[in-house]
Each structure stands twice: as C-alpha cells, then as structure tokens.
Amino acid sequence: MAGNRSTLVLSVVVAALAVLPLTGVPDHHLRLVAEILILGVAVMSLDLLIGYGGLVSLGHAAMFGVGAYAAALFATHVSPDLLLAIPAGIVAATLVGAVMGALVMRSANLFLLILTLLLSQMVWEVIFRWRDVTGGADGFRGIPQLTLPGGMAIDSGVDLYYVAGVLAVGAYLVAASFVNAPIGKALVGTREQPIRMTALGYSIPRIRLSVFMVSSAIAGAAGALYPFVNLYVGPQVAHWTMSATLVIMLVLGGVCTLFGGFIGAAIYLVFQTHVSSYTDRWQLVVGLAFVATVLFVPRGLGRELHQLLRPLGLGEPRVTAETDKKGTVR
Amino acid sequence: MEYYVIQSLNALVFAVILLLSGLGLSVVMSLMNFVNLTHGSLYLLGSYIAVFWMATGQPWYLAFPAAFLGGAAAGLILDRFPFQLFYARTHLMQVLLTYGLSVVFADLMRWGFGAHIATPQIPELLRGVVFILDTPFPIYRLFVLASGVVLAAGLWFLFDRTIWGAVVRACVVDTRIVEALGINTKHVFTAVLALSCGLGALSGALGSGILAAFPGLDEEILILAFIVVVVGGLGTFSGVAVSALVLGFTMTFAKMLSPEFSNLMSLAVMAGILIWRPDGLIAATRREV
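First to last, the protein sequences are chains A and B.
Going by the numbering used here, the residue at position 151 of the first sequence is 157; the numbering climbs one at a time, nothing skipped.
Going by the numbering used here, the residue at position 83 of the second sequence is 87; the numbering climbs one at a time, nothing skipped.
These are calculated hints, taken from the structure and not from any lab test.
Since the structure is predicted, the reported quantities are computational estimates derived from the model, not experimental observations.
Where a beta carbon is used, it is the ideal one built from N, C-alpha and C, also for glycine.
Hints may be right or wrong, so weigh each one.
Claimed, not checked - Computed list of chain B residues with no C-beta within reach of chain A, every gap over 12 Å:
| id | residue |
| --- | --- |
| 1 | Trp-64 |
| 2 | Tyr-65 |
| 3 | Leu-73 |
| 4 | Leu-100 |
| 5 | Gly-104 |
| 6 | Ala-110 |
| 7 | Leu-112 |
| 8 | Gly-158 |
| 9 | Asn-188 |
| 10 | Leu-268 |
| 11 | Ser-270 |
Claimed, not checked - FRET-style restraints, in silico, Cβ to Cβ:
| id | chain 1 | residue 1 | chain 2 | residue 2 | range |
| --- | --- | --- | --- | --- | --- |
| 12 | A | Ile-189 | B | Thr-179 | 51 to 57 Å |
| 13 | A | Tyr-284 | B | Leu-130 | 41 to 47 Å |
| 14 | A | Gly-195 | B | Phe-161 | 52 to 58 Å |
| 15 | B | Thr-123 | A | Phe-277 | 55 to 61 Å |
| 16 | A | Val-31 | B | Arg-180 | 57 to 63 Å |
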C-alpha cells in the first residue's frame with residue numbers, strides 16, 4: 007500500500023460497493039456480484055502462492071472445496087450461524103492446507119504443480135466417493151440459509167452481497183498485511199533469491215508452509231460462503247479444473263496485485279454468463295479470449311488498470327512477476 | 005495365476021500408451037524447456053484420425069502414419085504461431101497459453117466430431133483373441149504393446165545413438181555453442197516439436213482401439229501423461245518409462261483390488277513418489293556452469 011492515497015482509493019471502492027444495492031440493481035445481479043467477490047477472495051489467496059511465493063499450485067480448489075463442504079455440513083448438522091459456520095470452513099481448509107503445505111514444501115516448479123494436483127485430486131476423490139456424507143456426484147443439497155447471531159436469516163441477494171463484501175474486505179486486509187509484513191517480504195525473497203535467503207538464515211520450507219496456511223485459510227473462508235449462494239455445493243468445486251479456473255482468473259486480473267483476483271473473477275464470470283447465453287460454443291470463445299489475453303496482455307488486465315490508476319497514487323506493483331528467464335515456474 | 009498374468013498384460017498395454025504419450029510430452033519439456041498442454045488434444049486428434057481413416061476402408065495400417073503426419077503438421081503450424089513466441093518465456097506463461105489452446109481445441113473437436121463416443125473399426129486381422137494360459141486376450145492389445153515397445157526403442161535410438169539426437173541434446177545443454185557450430189537451432193526445435201506432436205497423435209491412434217475417442221479424453225490423457233513425465237523426473241527417458249510402468253500397474257491392480265478406491269490409491273502412489281523424491285524418480289543430472 008503506497009500510503010494514504012491507496013487507502014483512499016480502497017475506501018472509495020468499498021463505499022461504491024456499499025451503496026450499489028441502493029441503486030436498484032436486480033437481486034440476481036447482486037448474487038452474481040456476491041459470487042464474484044467470493045471467487046475473487048479465493049483467487050486473491052492463490053495470488054499469495056503464485057504471485058508472491060512463485061509457488062504455482064494446481065490444487066487450490068481442494069482448500070476452497072473443503073471450506074465449502076465443511077461449512078455446508080456444519081450449517082446443516084450443527085448450526086447455521088454465520089459466525090460459526092464460516093470459521094468451521096476456515097479451520098477445515100487450514101488443516102488441509104497445513105498438511106498439503108508440509109508435503110509440498112520441498113518441491114518446486116513443475117514438481118510442485120503436479121504434486122499439488124495429485125494431492126488435491128485425492129481430496130476430490132474423497133469428496134466424490136464419500137456419498138453418505140457429501141452426497142457424492144450429486145452434490146450436497148438441503149443446506150439451510152446462514153443466520154446472523156441474532157437469528158436473522160441471510161436469504162436475499164442483498165444480504166448475501168453484504169456478507170460477501172465484508173468477507174472480501176476482511177480477506178483483502180489480511181492478505182495485504184501478510185504481504186507487507188516481514189514474512190511477506192521474506193516470501194518474495196525466497197521467490198527471487200532462494201539461495202541468498204537460505205544463506206541469510208531463512209528457512210524456505212517454513213516460509214512456504216506459513217504462506218500455504220494463510221492462503222488456505224483465506225481460500226477456506228471464501229469456500230465457506232460459496233455453498234450459501236445457491237444453497238448447493240457439488241464436488242466440482244474441489245476438482246482440479248476449478249484450480250485451473252482460479253489460475254486463469256488470476257492471470258486475467260493480474261498476478262501479484264491482490265486486487266487483481268477480483269477483476270479476474272469478474273471478467274471470467276460475467277463473460278461466462280453472457281457468452282453462454284448467446285452460443286453453445288462458449289468454451290471456444292472463453293478459450294480464445296484467454297489465449298488472446300496471454301498473447302497480448304500477458305501482465306493481466308488488472309495491471310494495465312494499475313498503470314492507468316497511477317496518477318491516483320496506486321502506481322506499479324513493487325514486485326514483478328516475471329523476472330526469471332531461466333525457465334523456472336513463476 | 006492366469007488372472008494375474010492377464011492383468012499384468014493389461015497393465016503393460018496401458019503403460020505403453022502412457023509411455024508413448026508421455027514421451028512426446030517429455031521430449032519437448034526436457035529438450036526445449038517447453039510445457040505443451042495441447043498434447044492431450046493431439047492425442048485425441050490422432051484417435052479421431054484413426055477412427056475416421058478406418059471407417060473409410062483404406063488400408064488400415066496407413067491410419068497410424070496418417071495420424072502421425074496429421075499431428076506433426078499441427079505441430080508445425082503451432083510452432084510457427086504462437087509457440088515460438090513462448091519458448092523463452094516462463095513455464096507459467098507456457099502453461100497458460102497451451103492450456104487456453106487446449107480448451108479451444110477441445111471445443112473445436114467436440115464441434116467437428118460430435119460429443120458421442122467414437123470407436124474405430126478394428127481390422128479383421130487384429131479383431132480376435134489369442135489364448136494366453138487358456139484365458140482370452142485381445143490381439144489388438146498385443147499389437148499396441150508390440151508397436152509401443154518398438155516405437156519407444158526407436159525413439160531411444162534416435163535420441164541416444166544418432167548424430168541428429170546428439171545435436172538435439174547439445175541444444176539442451178548450450179544452444180549458443182550449437183549455433184556457433186553453424187546449426188540452425190530454430191529448425192532443430194521445430195523438428196522436435198513436430199516429432200512430439202506426431203507422437204502424441206500416433207499414440208492416440210494406437211490407443212483409440214482400446215480407449216475409443218470422446219470429448220474429455222484429451223484432458224484425462226494429458227493429466228496422466230503429465231504426471232508420468234514429472235514423476236519420472238522431467239525428461240529422462242528411463243524415468244518416463246519407469247513411471248509409466250508404475251502408473252500403469254498401480255492403476256490396473258488398484259482397480260482389481262478395490263474399484264471404489266482405485267483412483268485414490270493411484271494418486272497416493274504417485275504423490276508418494278514425488279514426496280519421497282521431490283525431483284522425480286530419475287532426475288536428470290544438470291551441470292551448472
């Protein structure tokens with residue numbers, strides 16, 4: 007954060023989002039925005055790994071999915087209280103993230119990519135096969151609506167939108183403070199100069215494990231709210247293709263920006279919703295659009311926006327994502 | 005006893021398909037440092053070419069060269085644009101580009117070939133079964149097994165024992181020195197990519213008689229081949245072979261033990277190998293100067 011001015015920009019964005027429902031936007035549009043905010047949080051947590059840590063994970067959906075199922079199960083069987091169900095998702099996802107982080111902390115590059123893919127597919131297999139608990143391939147239905155501590159149900163799109171908004175702001179503040187804290191700086195250091203960082207006495211596996219846990223907790227928080235958008239959760243939320251979608255959203259929005267996750271999620275979801283209503287070949291269109299982005303806007307649309315916002319004091323991100331030409335995964 | 009022999013043969017056949025599709029991927033990954041996620045699409049393209057070729061009534065054995073040439077031609081085009089722009093980029097950018105392309109190709113093939121499961125008309129000669137220890141075993145599978153072994157041996161010879169292979173391997177170690185010797189490395193890379201894409205399509209043509217061809221198969225094969233290559237140790241020939249065998253046998257026998265948990269077991273075995281050896285089964289020895 008470049009000081010007060012970026013705080014100002016953040017406040018303006020938050021204020022604009024806060025008054026959005028007052029402008030008469032239809033309820034189902036607010037639901038879409040809520041979904042964008044939720045997925046944006048998940049993408050932002052992935053940015054900690056990929057952007058700041060240089061750890062390209064193809065298993066992030068496992069944490070998102072575990073958070074989703076844990077919160078849905080907790081709400082159904084224990085209590086639909088928002089302040090209990092969401093933490094249940096966070097705790098479950100953090101535990102899975104800790105195990106996964108501990109298992110992958112010695113790996114790098116493509117080995118890390120495949121190992122996270124394998125481990126997350128194991129999580130998916132468990133969700134998919136454990137029919138009695140998760141509903142298997144049919145997904146999990148009959149989830150009650152979340153309630154506020156007073157007992158008020160979160161049932162309309164507006165309510166859901168505000169909960170997602172609070173989640174997004176909270177997650178952004180956590181992620182931003184992690185990035186700006188010494189551990190965040192050390193993480194970027196391990197990405198850029200692992201040998202030098204080791205020589206300075208940093209333990210790279212420990213740093214990686216902590217970023218994995220923080221990132222999993224945030225992804226779990228996003229996942230925990232996700233089932234309550236449609237009161238349904240299916241096993242595809244934990245599938246590796248979901249991880250790939252999160253990575254695509256991240257790149258569309260811009261790696262290493264944090265807020266780019268929201269832009270990427272917005273572009274992807276709006277695009278998908280609109281194109282799929284016009285043509286059956288929406289995958290083709292989305293694929294072509296994505297290839298065009300990689301070819302012509304490789305830094306992501308979020309970063310280009312960043313550049314445009316420069317006079318406002320948001321400037322270029324301090325850390326560039328693509329510095330190493332030796333072929334290591336960034 | 006017979007049962008285990010037959011299952012082992014099945015595992016070998018599956019391992020050969022994994023090996024062939026993995027080798028194509030491995031060649032570009034190790035020799036050109038390029039991650040090509042369109043490899044699964046090329047596999048599926050090869051399967052469709054074989055299916056359509058065998059339906060036309062042309063000599064069946066020409067289906068395989070046709071698939072190879074089709075894949076290689078696709079590779080030549082892709083090399084021109086856009087792969088060449090990405091050879092020097094980071095793996096992440098390569099992964100993103102080729103993943104996006106594979107989504108495009110998957111939808112194009114669904115559009116062109118339909119969403120149904122297409123099976124090739126296997127020629128008379130390969131249709132029956134042979135009796136191994138009094139248990140029937142499809143001849144076609146033996147044919148795949150034999151051709152796979154021959155192809156893999158041929159590839160090994162090409163890269164390990166010929167002057168052309170030496171040039172390619174030299175390009176991996178130091179492109180600029182090879183350039184200084186008067187060899188156009190760009191052409192070498194183009195040839196390697198075309199060969200790899202051709203191999204992908206050829207393995208698809210061979211596999212089509214067993215796995216058929218349908219939308220979604222491209223992704224499945226890509227993931228399996230990718231796992232095989234990375235677990236094997238990124239670009240060592242023997243590594244890919246060993247890891248294809250491990251995955252082939254694990255998947256076949258896990259299915260036998262417990263169909264419910266077979267995928268979980270196979271995933272766990274492959275993940276276990278990567279946790280045990282973070283650089284893959286047989287890591288390439290690299291000399292940093």
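Give me the numbers of the hints this structure contradicts, sorted from smallest to largest.
4, 5, 6, 7, 10, 11, 12, 14, 15
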